[in-house]
Each structure stands twice: as C-alpha cells, then as structure tokens.
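Next come the chains, spelled out residue by residue.
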Amino acid sequence: MTGAQILCESLIREGVEVIFGFPGGVVLPLYDVLPQYPKLRHVLVRHEQGAAHAADGYARATGKVGVCLATSGPGATNLVKGIANAYLDSSPVIAITGQVARPLIGKDAFQEVDITGITLPITKNNYLVLKAADVASVVKEAFHLATTGRQGPVLIDIPRDVFQEEAEFVYPDKVNIPGYRPTLFGHPTQIKKAAKLINEASSPLILAGRGVILSRAYAELRALAEVADIPVVTTLLGIGCFPETHPLSFGMVGMHGMTYANKAVQSCDALIAIGMRFDDRATGKVEAFAPKAKVIHIDIDPAEIGKNVRVDVPIVGDVKRVLEVLNRDIQPAKHTEWVHQVEAWRVEHPATYIRETDQLLPQYVVRQIYEVTKGDAIIVTGVGQNQMWAAQHFWYDKPNSLVSSGGLGTMGFELPAGIGAKIGCPNETVWVIAGDGGFQMTIQELATLAQEKLALKIAILNNGYLGMVRQWQELFYGRRYVATPLSGPDFAKVAEAYGIVGLTVTEKAQVIPTLEKAMAYPGPIVIDFKVVGEENVYPMVTPGASLSDVVEEPRREVPRWRQPQQSTP
Amino acid sequence: MATAAAKHTIVALVENKPGVVNRVASLFRRRSFNIESIAVGPSEAPHLSRMTLVVDGATTAVDQVTKQLYKLVDVVKVSDITEEDMISRELALIKVKATASTRSEIMQLVDIFRANIVDVAPDSVTVEVTGDQDKIGSLTNLLRGFGIREMARTGRIAMVRGVAGATRAEE
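So the protein sequences, as listed, match chains X and Y.
Using this note's numbering, the first residue of the first sequence is number 1, and each one after it goes up by one.
Using this note's numbering, the first residue of the second sequence is number 1001, and each one after it goes up by one.
Bear in mind the hints are in silico, worked out from the structure with no lab data behind them.
Some hints here could point you the wrong way.
Said to hold, decoys possible - Okay, derived cross-link-like pairs now, DSSO-like style, lysine-lysine, Cα gap no bigger than 27 angstroms in a straight line:
(1) Lys307(X) - Lys1135(Y)
(2) Lys1067(Y) - Lys140(X)
(3) Lys174(X) - Lys1017(Y)
(4) Lys517(X) - Lys374(X)
(5) Lys1017(Y) - Lys140(X)
(6) Lys320(X) - Lys1017(Y)
(7) Lys140(X) - Lys81(X)
(8) Lys1071(Y) - Lys64(X)
Stated by the list, open to error - Residues on chain X that point at chain Y, a partial pick, calculated with CB under 10 angstroms:
(9) Asn125
(10) Val138
(11) Val170
(12) Pro172
(13) Lys174
(14) Pro178
(15) Gly179
(16) Asp301
Treat the numbers as computed from the prediction; the structure is a model and nothing was measured.
Glycine included, C-beta positions come from ideal geometry on N, C-alpha and C.
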C-alpha cells in the first residue's frame, strides 16, 4: 500500500467522511487514490483558507473532527489563518499538507515552505512524516491529540515521495505519547472545597464557556444550575451550552454582553467559571473583575488556571467528569432574592430590546431570523457587529447552534464555516449571518456552495461600513471614519452569477416575507439586507474598562421590554 | 504557585526528537518568558533529553513556564527544583592573557578554585572551571584583571540530592 492509501485508510478508521481541500503538485499522488475511497467525500473549496474554516465549522456544528487538505507552499500557508482560528477556539481540526519530496526538503524547492515551523505556535502539535510506515501511527496520534484534553488543531505534513512510498498498513489500536496525559478527573479535595463554597454562597453565579460544549456537559451543568438555583451566564463561545430560554439563563457577559449578565458577575459572591479562559473581551479590566466573588475555575487546561484572573478554588479536569462528582455534594437550594435581583436588572437593562422604527435595523433582521426558524437553526456568524447582534438577538437553546470565531475574531470565517456546518448537519437549517465586509473576504466560496448544492441561507447585514471598526472610530476617534466606509458589489447579482438565488431587501416590511421565502426554498440563497449604516452595538463596555461600566444604547426609549420566554419560544 | 525567589531552576525531560528545542524556544518567545540559561543534553533514558532552565522569577510567571511546557506534547516531565536540596553546576572555559610573570599567579588562583589549566600557550592559559554560578563568577572577576581573551560558559545543569529524584526519567 502507498503512503497515500495508508493515509486514506487511516482517515476512514478515524471516522472521517468529508475532506475540505484544494489540490496541487505534491498532493497529486493523494488525489490520485481518492476515487478508491468513496467513503471520503472531497469538497473542493476555492481558497485553502476556506478549507480550514469549513473543517472548523464542520467540527463546531457536529462535535466531530474536521479535516482539511492543501498542497505545499502557498496551499499550506493559506491554511494558516484557519488553523490559528481553530487553535484559539480549541476546535478539533486536522490539517493535512503536502510537502516537497524528501530529497528537496531544505533546498528552497518550488512551493517549499516550512509549514511545521510556521504552525508551531498555532497547533496543539504538528508532524513532518518522513516514512510511509509512520503515516498510520501519526494519524492515530493526531486524532487522539485533536479530540482529547484541551482540543485543538493538529497539522500533518507529508512529502510527495512519502505518499508514493510503499509500506505495510497496520493501524495501531492505541497511542503511546509519554508526555501527554491530560488530567480528566478533578482533585477530590478541590471538588469538595468548591461544593462547600457553592453551598454556602448567597449569590452564586455560573459563568460557562465552550469547554462545557466540548466536554458535552450540558446535562451536568443544567443539574447544577437547577438544583442549587444558580443563574447562568456564558461567554460568547459558551452560548448554547445552557438553554438561553431557560429562566436561569442570563445571557452573555463581556464587552457586548448583557448589562444584567455583567452586573451579575460584578455582584455575585461565588463565581463558578466552567470551561472558559477569562479572555479579555469577557472580563473587561481584570483587576476589577468579579470583585466580591470567590472564584472557582474548572478547566481541563492547567495553564489556564490563574493565567488571567486570581482563582480561589482551581479544579483541573474534564468539565463533565468534574461536574458529575461536584453535583453529588451540591445541596438543593433556593436563591430567590438573588435570582430576582438579576431578573430585575434584566427588566431595567434590556439588552435585547429593539427600538421601534420604520428603518431597517440589523437587530431586527436577526430577530426575524429567530422568529422564522423558531430558534431551531444553526447560526454561523462573521466577526464584528453582525456577530454581536447574532449573539444578542437570537436565543440559542441547543449546543453547537452558534458557530462563531471568538478568540481570533476572523472575518471571512462565516461563509466557509457555514458550508462546513451545513455539510456536517444536512438536516438542520443553517443560516449565515454576515457583514458586508467579512463576506467579501471569502466570497469566492459561493462557487463551492453552488457546486455542492447546499441549502445554506445567507443573510448579509449590509451597512456599507466595516461596522465594528467604524463604531470604535465614532466612539473613540472623534467620528473620523478612516478606511471604514466600504463599497461592495450588488450581492444579489453576485449570487446570481454563481448560480445562487440572490435577493435584496431595503424595507423593513420586506424582511419577514423574504425570510419566509428563503426558508421555503430548498437551495442556497443570499439575501442582501441594506440595513441602517451607523447603527452601534450596545450594551458596550469600553476597552480597558470594568464590567461595571456599561454604556447602554443612548437612543433607548422607555423600555417596553417583554420577557423573551413569553414573546418567542 | 511559584515563590517569588528570583532565580528558578526548572528541569524538563523531553523526547529526544528533532525540533523539540525549537518547540521549547518558540514557546518562550511567544509567551515572552525570560530565560537566563538553558542547557540541553542526554538523560539517563536514551529516548529522553534533559533540559535545565534558569528563569528569572521577578520578570516571568514561573508557574506559567512549567504549565506551558507541560502542554508541549514532547515534554514528558517538568519540575521546579528551586526549593529542593539540589546540586547545580555550570562549566566555563576562560582563556586568560598570561606572561612569564603572571602565569604562576594565575595558577595559584586556579588551584584555590580547584579549577584546571587545560591549555597553555606562550601568551595565554585556558582555565576550565566547574561549579555554581557564584564560584564561576568570582573566578571570572579575579581573572579579569589579567585580561580575558575569550570565554565560553554553559547554562546551569541541576539535580536533586539523595534518592528522592523528582527529576528522574522513570516514573
């Protein structure tokens, strides 16, 4: 068997069904054998960045490993942004790159680049495979690393002549990596301490992150919250780990988090941080973060403990396993006064309020997507204002229902990640909520969408600006709009040119009928919503400020806020 | 948590594979860790190399150094042995200007420090000295008066005393 065949056999052993890739010289021996493996569906992207994002979107929507493939040199470097994106959000992605033939390595050969060197700081581990006989064990190790411990991307670089070299195919049963032993079970003494702290707290708060989703600890989290009557707030990437229509759910924290969620963080006496890493966008000014709280931090990565925020009770372990043990020691409780307090803040500071106007507001579009899908959809966002509105104005009840680039903040993620999500979840409704800026970064993937005939729905919140940057220029740079006003193509026409249905919406009254039409249409569709240009995302904690200093919508009228539970699901 | 002691000695056992030193160095650069010295060589186990690192605790979060090192898949074991009863050694080769009149004085100093003369030339001697940082520092200061032509100095290597080997390869 050749190295290329061994690679395909190994991928099938790992349950891979889809590879997002783009061919090139040194990976030809691999592409040549692909037809022998009909179980491996190859999706041809139009730029390797799209392959990496699609693999990432696939991984996030399905919880399985996403695989992308590129040739050496420029193909490999085009993957870099997508690998970095997966790394910062702990997404299990396997990137396979071709390398020049072994005798040429180090000679600056055509399309040679040191991709293992380049991706050193943005992969969990990477491999240059120098023998066909090593391919199987490397694939086994790579999948093990990508999916265990703190998950993340792994890159496998394979020279052309290794693809062609003959070797015996033996797929190993297990891996032996002496330096890799993730701590799964939390220390019992620490868990006891945490339970005591929770049981004695009068205003406890759960701050849940993506670790809950990666560990599939939804039931355990919900049990903890319900038994001990603890309000739950999440990070951006934690959205969906706890049903957002649950009475104990109080939304997202951070820079554009809900005022009441941030107030809860600043007022609680016990903060139970679960599967999150205290990113600066979530904490605001670290010194002023959760000033009254004893902090319990549960995370699988020991290096996250105490990195950004002081922690009183650190617990290193897999969130699900830790919560299973912790929940045994949690006494049923009622924190009626505290929960009512947070609820009262929600009424006073309604982050989800959309002002009454005839103008076409981007928030309104997001809310109507929630209405037409009845909340039963996977939402894939770009980065910036569209992302924050998608987080604020849609209620996510299911894990993996929000696919968004958090850590790296990658514009251009939306379309290819949406393609990956739809391929992974063909029976789900998948909406891409994009901005006109980010969408133009990977717009060529419309061709992939058309070729794969995927029923992906795309809503472009087109405000003619790089909106989030413009907002910062408005608020912090004296409204001097430098390089943020943005022209774009007629997106509907572009879509049509790719053979995709394209629609344009300019009036508020058209929103609902157009969305309904999109839902009824069985194929891909692009809707260009010409929304208000200078709309800002509120609430906002200005950069460097504490979570206590929330700036709210200045145009906000007297709140006529309705409970989302009553109006929506 | 690491104590505030200024100089920390950290021992890491790493897989003896190509690129491991690069991975460690890349980690230090990326996280802005301030490393004073690093010494790498074989350990008692053929598949493992042993790294000894000296980290300035005043400028670098030492517990982050050990935790981040642990995250590298090729790093098998990390121990901060600063608080342990340990033996630490550095080696220096110092080429000193020497004339007929100064040579015997230099040799006396070398004797006092239990160092060795490993090369003699008409106008210089080369001194080999091993010991902890202070000892090498003192000898260097004394020799500086004669004129140091060239100096090569290793990083620190260290080991915990006695049988309780926190830094052993096995277990």
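Do the hints match the structure? See the list:
1. Lys307(X) - Lys1135(Y): 36 angstroms, violated
2. Lys1067(Y) - Lys140(X): Roughly 25 angstroms separates the two Cα atoms, so the pair holds.
3. Lys174(X) - Lys1017(Y): 21 angstroms, holds
4. Lys517(X) - Lys374(X): 15 angstroms, holds
5. Lys1017(Y) - Lys140(X): 19 angstroms, holds
6. Lys320(X) - Lys1017(Y): At roughly 35 angstroms apart (the allowed maximum being 27 angstroms), Lys1017(Y) and Lys320(X) break the hint.
7. Lys140(X) - Lys81(X): Satisfied, since the Cα-Cα distance of roughly 24 angstroms is no more than 27 angstroms.
8. Lys1071(Y) - Lys64(X): Answer holds: Lys1071(Y) to Lys64(X) is near 22 angstroms, not above 27 angstroms.
9. Asn125: Since chain Y brings a Cβ to about 4 angstroms from Asn125(X), closer than 10 angstroms, the hint holds.
10. Val138: 12 angstroms, violated
11. Val170: Violated, about 21 angstroms.
12. Pro172: Nearest chain Y Cβ about 16 angstroms off; hint violated.
13. Lys174: 16 angstroms, violated
14. Pro178: At about 5 angstroms, which falls below the 10 angstroms cut-off, the nearest Cβ of chain Y leaves the hint on Pro178(X) intact, so it holds.
15. Gly179: 4 angstroms, holds
16. Asp301: 7 angstroms, holds
Hint compliance for this structure: hints 1, 6, 10, 11, 12 and 13 are broken, all remaining hints hold.
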